[in-house]
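4 protein chains.
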Amino acid sequence: DRPLTVIAGPCQLESTDHAQMIAGTMKQACDAAGAQFIFKASYDKANRTSLSGRRGLGLETGLDILAEVRKAIGVPVLTDIHERGQCAPAAAVCDVLQIPAFLCRQTDLLLAAGETGAAINVKKGQFLAPWDMDNVVAKIESTGNTRILLTERGSSFGYNTLVADMRALPRMAQTGYPVVMDATHSVQQPGGQGASSGGQREFAPVMARAAVAVGVAAVFIETHEAPDTAPSDGPNMIPLGEMAALIRTLMDFDRLAKANPITI
Amino acid sequence: DRPLTVIAGPCQLESTDHAQMIAGTMKQACDAAGAQFIFKASYDKANRTSLSGRRGLGLETGLDILAEVRKAIGVPVLTDIHERGQCAPAAAVCDVLQIPAFLCRQTDLLLAAGETGAAINVKKGQFLAPWDMDNVVAKIESTGNTRILLTERGSSFGYNTLVADMRALPRMAQTGYPVVMDATHSVQQPGGQGASSGGQREFAPVMARAAVAVGVAAVFIETHEAPDTAPSDGPNMIPLGEMAALIRTLMDFDRLAKANPITI
Amino acid sequence: DRPLTVIAGPCQLESTDHAQMIAGTMKQACDAAGAQFIFKASYDKANRTSLSGRRGLGLETGLDILAEVRKAIGVPVLTDIHERGQCAPAAAVCDVLQIPAFLCRQTDLLLAAGETGAAINVKKGQFLAPWDMDNVVAKIESTGNTRILLTERGSSFGYNTLVADMRALPRMAQTGYPVVMDATHSVQQPGGQGASSGGQREFAPVMARAAVAVGVAAVFIETHEAPDTAPSDGPNMIPLGEMAALIRTLMDFDRLAKANPITI
Amino acid sequence: DRPLTVIAGPCQLESTDHAQMIAGTMKQACDAAGAQFIFKASYDKANRTSLSGRRGLGLETGLDILAEVRKAIGVPVLTDIHERGQCAPAAAVCDVLQIPAFLCRQTDLLLAAGETGAAINVKKGQFLAPWDMDNVVAKIESTGNTRILLTERGSSFGYNTLVADMRALPRMAQTGYPVVMDATHSVQQPGGQGASSGGQREFAPVMARAAVAVGVAAVFIETHEAPDTAPSDGPNMIPLGEMAALIRTLMDFDRLAKANPITI
Chain A
1 DRPLTVIAGP CQLESTDHAQ MIAGTMKQAC DAAGAQFIFK ASYDKANRTS
51 LSGRRGLGLE TGLDILAEVR KAIGVPVLTD IHERGQCAPA AAVCDVLQIP
101 AFLCRQTDLL LAAGETGAAI NVKKGQFLAP WDMDNVVAKI ESTGNTRILL
151 TERGSSFGYN TLVADMRALP RMAQTGYPVV MDATHSVQQP GGQGASSGGQ
201 REFAPVMARA AVAVGVAAVF IETHEAPDTA PSDGPNMIPL GEMAALIRTL
251 MDFDRLAKAN PITI
Chain B
1 DRPLTVIAGP CQLESTDHAQ MIAGTMKQAC DAAGAQFIFK ASYDKANRTS
51 LSGRRGLGLE TGLDILAEVR KAIGVPVLTD IHERGQCAPA AAVCDVLQIP
101 AFLCRQTDLL LAAGETGAAI NVKKGQFLAP WDMDNVVAKI ESTGNTRILL
151 TERGSSFGYN TLVADMRALP RMAQTGYPVV MDATHSVQQP GGQGASSGGQ
201 REFAPVMARA AVAVGVAAVF IETHEAPDTA PSDGPNMIPL GEMAALIRTL
251 MDFDRLAKAN PITI
Chain C
1 DRPLTVIAGP CQLESTDHAQ MIAGTMKQAC DAAGAQFIFK ASYDKANRTS
51 LSGRRGLGLE TGLDILAEVR KAIGVPVLTD IHERGQCAPA AAVCDVLQIP
101 AFLCRQTDLL LAAGETGAAI NVKKGQFLAP WDMDNVVAKI ESTGNTRILL
151 TERGSSFGYN TLVADMRALP RMAQTGYPVV MDATHSVQQP GGQGASSGGQ
201 REFAPVMARA AVAVGVAAVF IETHEAPDTA PSDGPNMIPL GEMAALIRTL
251 MDFDRLAKAN PITI
Chain D
1 DRPLTVIAGP CQLESTDHAQ MIAGTMKQAC DAAGAQFIFK ASYDKANRTS
51 LSGRRGLGLE TGLDILAEVR KAIGVPVLTD IHERGQCAPA AAVCDVLQIP
101 AFLCRQTDLL LAAGETGAAI NVKKGQFLAP WDMDNVVAKI ESTGNTRILL
151 TERGSSFGYN TLVADMRALP RMAQTGYPVV MDATHSVQQP GGQGASSGGQ
201 REFAPVMARA AVAVGVAAVF IETHEAPDTA PSDGPNMIPL GEMAALIRTL
251 MDFDRLAKAN PITI
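For the protein sequence lines, the chains are A, B, C and D, in the order given.
So for the first sequence, the numbering used here puts the first residue at 1; every next one is plus one.
So for the second sequence, the numbering used here puts the first residue at 1; every next one is plus one.
So for the third sequence, the numbering used here puts the first residue at 1; every next one is plus one.
So for the fourth sequence, the numbering used here puts the first residue at 1; every next one is plus one.
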């Protein structure tokens, strides 16, 4: 099995300089640790808890920045799309299109994304069982696109709380597609701060490490040089300064896991 | 407080005749029981469990049928919309636009719906707490539209199961907006049949009656003359032939509840 | 079907005078409303959240007080037991022995309780499905005792939260035994205040009314003249002064429900 | 930090020979892998799903067998106790007394166990949050006994399903006491086969490995040479023949985890 891929970046794009700084720092950390790296950032936060949450730079500006990161830093880039019409322009720039968890059953969005031919990373909805993703996969496959990734990002567990079920990882792997662990959204507390989501950043490495030990193709981690002042998802992002050490450790666990694969 | 409103109809539109038959039957039953009636049907099932599930007649044909029902039967009509661009055409025909549960945090959709000036019924996401709807309400209010309804349709409870928390009804009522109990989707078993959702039709009257006793503005009930052969949601729809008796009983409970309001 | 029974009393026994005052007040309220009444109180809170919570008066003193209430007020009495050895002495005094929710699968306790011949009220564990109670019932029936009641008191729903599933009521009724809705423990927040449980007293009437509308044999409601200073369960008990009106309303709903029974 | 301890054995005692065979096989596997080993077995299954489930050999016979295993194989032994009176006799034989999950808030049982001076392993109830265990710990500490272990064995997640939250491990470790991952009960499906619990044996290594990677003091694994014919918990026990390889892998993960401790 191939070594772990790290999908990382800030929750939302802020500027070209900011994106390149994070992408550059992360690439260096991943190169040093022997991990693949994909830069992730959103041009639009389309489902903020409240209207007062910052939305982002928008499709056009956002894609421009992603294109620049891709070229300047030399890394594949991923962004999330929210309506059919965004798929083609996003795919013209990005290597991976991401389907947000709330939208993972929207058939038209899945089809439009699949038809671009880009790789498609689907976040499993907080309201879905791992095996429900079989149907999601089949929707995308119907477009002829089999470049699919499936991401665990936690299941609803009472109010304002998520829980990540480690069984979901090998179960989703039964589809034959790479499975990703989203370590930072799994520790979100949706709506937990009233007008915004809370989070338990301290548990993100717990999630990442557990998942890598079980065996995953990739981890998804949002990071920021100063999470507490980030425009979104600050409570659960990992400080950029801690990422190199985290990735180094994850790679050690990844080697051990891939030498001892679990199959169910 | 005004008497109970019944929002009812088939899960998806099948034909003009079919829609008018159900709308006519329901109107008669509601008139007889002293209930308000709003006809509900979908022109597109945009998030079917699997690709093999029937999608519906589409926006144009669907809205034509809804317009005919509205005129021929003389009842307000409600349909659900899935992307921004559908709001204006749907609002040109329908009295109430409905935001599907999975989409209840999609800011652009809420704003586009709100801007039409139509009444907006938002289904609470299976992944949201009742108080999280305060932020959803504020998004719509920002458009100047205060014709809002909030619907309980169950919360995720482990895998492939929903549970309806009766506390959600008075809590959402604290927003000041009418609260609706969706009695048939609350008993859905999402993805429970592998490639489609299961349901426990026999419990739908349990949900409706409990909610009406607590005190709600409306109940939402999907119905079909032959649920087992309906193109979607058969397992949880109530047979049309049972609706008149159910509504009669619900109106008795409604009178008692409204004479003895609960406030929290 | 027989009219609603009200099982009510303070969470724990405090003194003879206190118990008789509450029992007398409740009997009067129930008589006036046409409800049956069973006095409930605990001699020992055997599973307090923390050691600092008050335990109660103990088996001997407690049973003496219950015997006095039974005689002086002329009402059946119910108490909960925690180990086999407590069953016989408690049954010598009490009409109903109650199995606490945490203990509802302890075979020996169920058998010892059943063997007394007293009526047995089993609270469904927060960790059990309604259908799991079929096995609990069979354990008691094996003693030849078929005087069984089954109580819904909420299911675990994430951390420190319960949710009451109204479907549990008709499902448990399929056993053929009377079903009880515990309106005050269903709104507990277990461990929700760190060293003690929180509660949402304001929602207890919501639970009671919903359940009575669905159709139950009895409601279980803890009450106290000054809940905020009660030695246990203050946050979810209903003030004694509000009970007469609540019971009156519940009886109205009960009559309507029993005239229109739901069967599943 | 000390190397991983493995707490393992059959769900229930069957005979002296059987117990010694399993204990001997496990000791050899643990010695070879450098793991500490504690033999676990129950003399009584006091909360079987249904009455038809086999209970076990009883206190006296069971303790005799455990004493023989302890002496013949030279390993510490653990058993679970269900009523106060069982604590002293069990502690006369066993190194560790275990409080079953359903009983983890029964104050008297915790105190009686604590007073024996034996080490006490408390399984976190399926209905408790990790932080609720702080109060459980304080109950035992009040006896002066600070030889405490805390075990994660899954939380209720809808009906007949558990989910293991990896965050519970570092959170419970904040008490300062060793944390144990129960890999086989976490994958139980309580009541999932009607009259008995189901289980997903194939996921037990997933749970064990994830927990060890996060960092735990011990794993708890039930094992049997022929799980499908075992008198209890067959569906979730790991075949004895697979244990040596599993423990070897877990020790590799343990070394890596302990060299890179996570603190929250």
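None of these hints come from the bench; they were simulated from the model.
Some hints here could point you the wrong way.
Straight line, CA to CA, 25 Å or less: simulated BS3-like cross-link-like pairs of lysine-lysine [what the hints assert, rightly or not]:
#	chain 1	residue 1	chain 2	residue 2
1	D	K27	D	K71
2	B	K258	C	K258
3	D	K27	D	K258
4	A	K71	A	K27
5	B	K258	B	K27
6	D	K258	A	K258
So the derived list for chain D, only partly shown, Cβ under 8 Å to chain C, looks like this [claimed, not checked]:
#	residue
7	L51
8	F102
9	R105
10	Q126
11	N135
12	S142
13	G144
14	T146
15	G191
16	A259
Note that beta-carbon positions come from the ideal geometry of N, C-alpha and C, so glycine has one too.
### Task
Kindly indicate which numbered hints from before are broken by the structure, ordering the numbers from low to high.
13, 14, 16
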